[in-house]
Amino acid sequence: MKTSLKNKIVSQIQSQQLQPKERWKFIVQEIALWLGTIISLLLASLAAGSFIFQSVNSAALPSHIVLWFGFIRIALSALFIVLAIYQVLRIAQGYKRSRRMYVIIGLLVVVGIGSLFFAARITGTIESRIGSSGLVNQAQKYWSLPKETGLLAAELIEITNDGYLLMQGFDNRTHIVDTRYIDRNEQDIFIDFLRVKTVGYYDNGIFYPCAVAPWELKQTVRESRSDYRNIRNGNIQFSKGERNQKNFNSTFERKTEIVRTNSC
Amino acid sequence: MDQRLHNSIMTDVELVALSLSNQEYFGVLVERYEIKLGRYIRRITSVPQEDQEDILQNIFLKIYINLNGFDKKLSFNSWAYRIAHNEVVDYARREKIKIKYGKFDYEDDVFTWTADGKDFLGEIHAREDAHSIQSTLGTMDIKYCEVLILKFMEGYSYREMSDILKKPEGTIATLVNRAKKSFKQHYENIT
Numbered sequence: 005m006k007t008s009l010k011n012k013i014v015s016q017i018q019s020q021q022l023q024p025k026e027r028w029k030f031i032v033q034e035i036a037l038w039l040g041t042i043i044s045l046l047l048a049s050l051a052a053g054s055f056i057f058q059s060v061n062s063a064a065l066p067s068h069i070v071l072w073f074g075f076i077r078i079a080l081s082a083l084f085i086v087l088a089i090y091q092v093l094r095i096a097q098g099y100k101r102s103r104r105m106y107v108i109i110g111l112l113v114v115v116g117i118g119s120l121f122f123a124a125r126i127t128g129t130i131e132s133r134i135g136s137s138g139l140v141n142q143a144q145k146y147w148s149l150p151k152e153t154g155l156l157a158a159e160l161i162e163i164t165n166d167g168y169l170l171m172q173g174f175d176n177r178t179h180i181v182d183t184r185y186i187d188r189n190e191q192d193i194f195i196d197f198l199r200v201k202t203v204g205y206y207d208n209g210i211f212y213p214c215a216v217a218p219w220e221l222k223q224t225v226r227e228s229r230s231d232y233r234n235i236r237n238g239n240i241q242f243s244k245g246e247r248n249q250k251n252f253n254s255t256f257e258r259k260t261e262i263v264r265t266n267s268c
Numbered sequence: 159m160d161q162r163l164h165n166s167i168m169t170d171v172e173l174v175a176l177s178l179s180n181q182e183y184f185g186v187l188v189e190r191y192e193i194k195l196g197r198y199i200r201r202i203t204s205v206p207q208e209d210q211e212d213i214l215q216n217i218f219l220k221i222y223i224n225l226n227g228f229d230k231k232l233s234f235n236s237w238a239y240r241i242a243h244n245e246v247v248d249y250a251r252r253e254k255i256k257i258k259y260g261k262f263d264y265e266d267d268v269f270t271w272t273a274d275g276k277d278f279l280g281e282i283h284a285r286e287d288a289h290s291i292q293s294t295l296g297t298m299d300i301k302y303c304e305v306l307i308l309k310f311m312e313g314y315s316y317r318e319m320s321d322i323l324k325k326p327e328g329t330i331a332t333l334v335n336r337a338k339k340s341f342k343q344h345y346e347n348i349t
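Chains as they are written, first to last, in my numbering: chain D, 5 to 268; chain F, 159 to 349.
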C-alpha cells in the first residue's frame, strides 16, 4: 500500500531528526537586513555629502578631479542605494511597496542626510582625514605646484625687511613672494586673510602673484589655533577685507599663459 | 472528542504552534494542504509525476524547517503557497529547466475556473474549452500564467497574491491586467 504523504513527511522528519530553525535566527536575519539597509543608506549619504562638498568647493579643485571624483561619488551613492533597496525588499513586509517608491524615498533620504553631513562638516572632516584619496588633499596638492601650474596656496608667516612675503605652502615648503605686480587692495588680502591662493609665476626662486584671493574650502574641519581668533573654512580672517574673487577668476583662466610667458 | 475532528477544527496558526513541539500536528497540516499544493504544482509546471511528488515533499519539509519564521501577519495558506512557488522556481533552476505551464489531464479537477475566471472568459468570448484554454496558456509568458492561475483558478485576491509572489498589490493588479490582455491575444491567435 502506498504510504501517505503525511506519513512519509513525518517519518522523514523523525528519521533525519529535522528540527524547525530556531526563532532567534529569523530575528537575527531580520535585524541584519534592517542594519544593512541603514548602513547602506548612511554610506550612500556620505558619498552624496562628499559630492556636495566637491561641488561647493569646485573652484579649488582641478577639473579632471571634479569630473572623476564626482562620477565616483555618484556611482558609489547609487550603488549603496541599490544595496539598501535590495535589502529592504527582503525585510518581512518590504515587498508591499513598489521599487519605484523605494528609489524615491532612498534618493530623498540620501540627499537629505548627505546635505546634513555636509552642513555639519562631517564630510569635510572625512575628506581631510582620508589622505591622498580625499578632496582636501587633492585641493592642497593642486595649489602646491607654483612652478609648473602657476598656482600657489600658502599661509603668510613673515614679511621681510625688503618687503618680500615668506609663505608656507600646504606641502610645508617655504616660498618667497614678491607682490609688486598686484595693487594695494590685493596686497592687503595677504594681511587680512593670511591664507590665500594666488595665480602667478616663478622667476629666479621668487614667486610673483598676478592675482590673489582668500583660500577657502567650505565646511572643512574646524581648526583651533591659539594664535588666531577666527579660523573659518580654512581661512584666517582678521577683518572683512575685499575678497577679489572676480579679478582672481579671470586671472585664473590665464594661468597657463602666465606660466609660459613669465608675465602677468 | 474524536482526535480527527479535533484536529480538523483547529486553525492553521494553532497547528503551526503545536507542530513546533509535536510532529503529528504537522502531519495534520500536510493532510490539509497536500491536495491544494499538489494541484498548484501541476498547474504551474509540466515536470513528470514523480518529480512533482518530490517537489511537494520538499515544500512540506521546508515549511516544517521554517515554521518559526511563519509571519503571523500573513495567512498560513499564502505563506505555504509562497514556499511552494519558490520551491518550483528553485527546482527549475537546479535542474536547469524552464518552468513551463503544466499539462492538465482534462478529467482532472486541476482545470477549473472560479466564477471570476468564468466571467473573464465570457468577456473575451472564450469558451471554457480545455484544449484551447490549455494551448493558449502554453504560449503565454510564465509570469502571466502564474497570476492568471492564482487569480482565476486558485481564486486568490490581489492581497493574497501579493503575499504569495512577494510583489506590491499595484504590481499584481498590473500583471493581472496584462495577463488578461495577453490571454485574449493568444487565444484569438489559436482559435
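If you're looking for bench data, these hints aren't it; they were derived computationally from the structure. Each hint should be verified, as a subset may be incorrect.
Said to hold, decoys possible - Listed below are the simulated DSSO-like cross-link pairs for lysine-lysine, each with C-alpha atoms no more than 30 Å apart in a straight line: (1) K25(D) with K220(F); (2) K301(F) with K222(D); (3) K230(F) with K100(D); (4) K12(D) with K230(F); (5) K29(D) with K339(F); (6) K339(F) with K25(D); (7) K324(F) with K100(D); (8) K339(F) with K100(D); (9) K230(F) with K25(D); (10) K100(D) with K301(F).
Hint check results:
Note on K25(D) and K220(F): the hinted pairing holds, with a Cα-Cα distance of about 10 Å set against a maximum of 30 Å. The suggested pairing of K301(F) with K222(D) is violated, with an alpha-carbon distance near 53 Å, which exceeds 30 Å. For the hint pairing K230(F) with K100(D), the CA-to-CA distance comes to about 16 Å; that is within 30 Å, so the pair holds. A threshold of 30 Å between alpha carbons decides the hint, and for K12(D) with K230(F) the separation of about 27 Å falls inside it, so the pair holds.
At roughly 43 Å between alpha-carbon atoms, K29(D) and K339(F) are farther apart than 30 Å, so this suggested pair is violated. Between K339(F) and K25(D) the CA atoms are separated by roughly 43 Å; this puts the pair beyond 30 Å, and the hint is violated. The straight-line distance between the Cα atoms of K324(F) and K100(D) is roughly 7 Å, inside the 30 Å bound, and the hint therefore holds. Distance check on the hinted pair: K339(F) and K100(D) sit about 25 Å apart at the alpha-carbon level, within 30 Å; holds.
With a CA separation close to 16 Å, the supplied pair K230(F) and K25(D) stays within the 30 Å bound. Proposed proximity of K100(D) and K301(F) is supported: the alpha carbons are some 18 Å apart, at most 30 Å.
Taken one by one, the earlier hints fail for this structure at numbers 2, 5, 6, listed in ascending order.
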